[in-house]
Amino acid sequence: MIHKNRTLLALAVLSVCAGALFGPHLLARLSPALEYSAQGNLAEKAVTVREQTQRADLIVRARIVSLDNRILTETLPVYAEDAVTILEKREVSTPFTDVSLEILETFKGDSAPFITALQTGGTLRKGRLGRAQHFEIAADPLFQEGSEHILFLVDITGDGVHSTGRQLYRVVNPMGRYELEPDGTLRGMAKELELDVAALRQLPQTERALRQQIASALSREEGNGPLVQ
Amino acid sequence: MQRREWHRTALISAMTLVGCFLVGTAFGAYLGSGKWPSSSLRRCHLGSYATACSNAAAVWNNNTQLTLGYNCGSLNFQTLGGNYGNNGFFGYAYICAGPRESDCNDQQAWNGTYTYAEARNNVYYLDSWNPTQRQFNCTHELGHCWSLGHDSRASSVMNTGRRSTIALDETNRANVNSKY
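Chains as they are written, first to last, in our numbering: chain A, 3 to 231; chain B, 394 to 573.
Hints were generated in silico from the structure; no laboratory data involved. All C-beta atoms in this analysis are idealised placements derived from N, C-alpha and C, irrespective of residue type, glycine included. Any given hint might turn out to be false.
Unchecked claim - Between beta-carbon pairs, the in silico distance windows are: (1) Pro79(A) x Ser467(B): 11 to 21 angstroms; (2) Pro430(B) x Glu107(A): 34 to 44 angstroms; (3) Thr87(A) x Pro430(B): 29 to 39 angstroms; (4) Ser426(B) x Arg213(A): 39 to 49 angstroms.
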């Protein structure tokens with residue numbers, strides 16, 4: 003009887019210790035991801051379909067096949083207030099997502115049947131057992147698997163950070179992604195980018211209008227020869 | 394007479410407050426209704442462009458009611474210069490609100506009480522820029538950290554197309570000062 007009580011006591015002590023040790027990690031692991039949403043300063047200013055067409059290396063209708071989370075970790079110097087003295091070095095991690103696309107139709111450029119596009123954002127976990135942190139740019143939310151889009155893409159193969167040794171694309175900017183809804187309407191990113199009214203008026207509202215604007219921009223491009231950005 | 398003076402002061406103060414609010418809302422100036430709990434904030438810098446971001450922080454410090462200090466041991470926000478590759482962004486900023494970063498969701502964080510922010514500058518693009526342009530980018534990203542949104546005024550540091558703008562315009566100042 004005494005032996006049994008001791009065993010039970012030992013088990014209880016072990017449980018409490020294990021709970022204290024692993025409980026917070028387990029809770030963190032099981033908790034919903036923290037959501038981070040950033041404001042981005044776009045490198046490409048193309049807004050209208052004509053501007054996007056000029057800038058794009060590839061214009062396609064594509065289906066999102068899969069999303070692969072990838073973490074970029076840099077070791078950065080931490081500076082003192084004088085902006086010269088280095089206090090220490092710290093690792094900084096940034097999540098990115100490789101988006102696999104099945105090409106359904108090509109409007110401009112030559113494409114393989116499946117290509118990969120880069121998106122900034124994804125999921126980051128602080129430590130192996132830490133709570134997940136979901137991060138994305140507000141105007142360029144991560145694609146959803148199975149969704150269909152018309153995309154204006156630039157070839158970023160060889161950028162030295164994401165694409166060494168593989169072919170990689172990204173959308174020109176969030177204005178270069180139009181999600182195709184089943185009823186023929188489009189979901190663009192103009193609202194998220196808070197564009198002015200004049201720019202908004204030029205944007206297509208339906209898939210049909212988008213196709214017409216692409217065809218018009220391409221014929222103009224062919225007529226005028228190569229266009230400079 | 395004294396009472397009349399008091400009324401006049403109260404009226405001017407009220408009009409100033411309403412004016413600041415109208416300026417803010419008319420230009421869609423803010424990313425949310427939230428703010429930092431204090432106008433005194435501490436920064437730490439990691440990576441490239443330490444001088445550009447130091448100058449950018451000084452611009453906000455010297456021209457608004459924000460008091461920006463520097464302390465990497467106890468910081469409110471970070472400025473960073475890292476290489477994020479050809480990802481289409483010169484830089485970006487994000488903010489968290491709530492105790493222990495408990496909520497960094499954009500719907501709530503920009504409307505909450507800010508606890509942490511980061512202003513990131515992309516070395517991939519900025520390495521070919523001159524120091525003034527780098528300072529612009531850091532000034533711009535820091536503006537987001539005080540919840541300023543993008544705008545299209547030619548003189549504004551929150552206009553993404555004006556790489557040579559490093560001074561705050563009257564509206565930039567008013568928008569920050571109306572919160573702090």
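For threonine 87(A) and proline 430(B), compare the CB-CB distance with the range 29 to 39 angstroms and indicate the outcome. holds (30 angstroms)
Holds or violated: 11 to 21 angstroms for the Cβ distance of proline 79(A) and serine 467(B)? holds (19 angstroms)
Starting from the range 34 to 44 angstroms, see whether the pair proline 430(B) and glutamate 107(A) falls in it by beta-carbon distance. 52 angstroms Cβ-Cβ, so the 34 to 44 angstroms window is violated.
A range of 39 to 49 angstroms was offered for this pair. Does it hold for the Cβ distance of serine 426(B) and arginine 213(A)? With a Cβ separation near 41 angstroms, serine 426(B) and arginine 213(A) satisfy 39 to 49 angstroms, so the hint holds.
Taken one by one, the earlier hints fail for this structure only at number 2.
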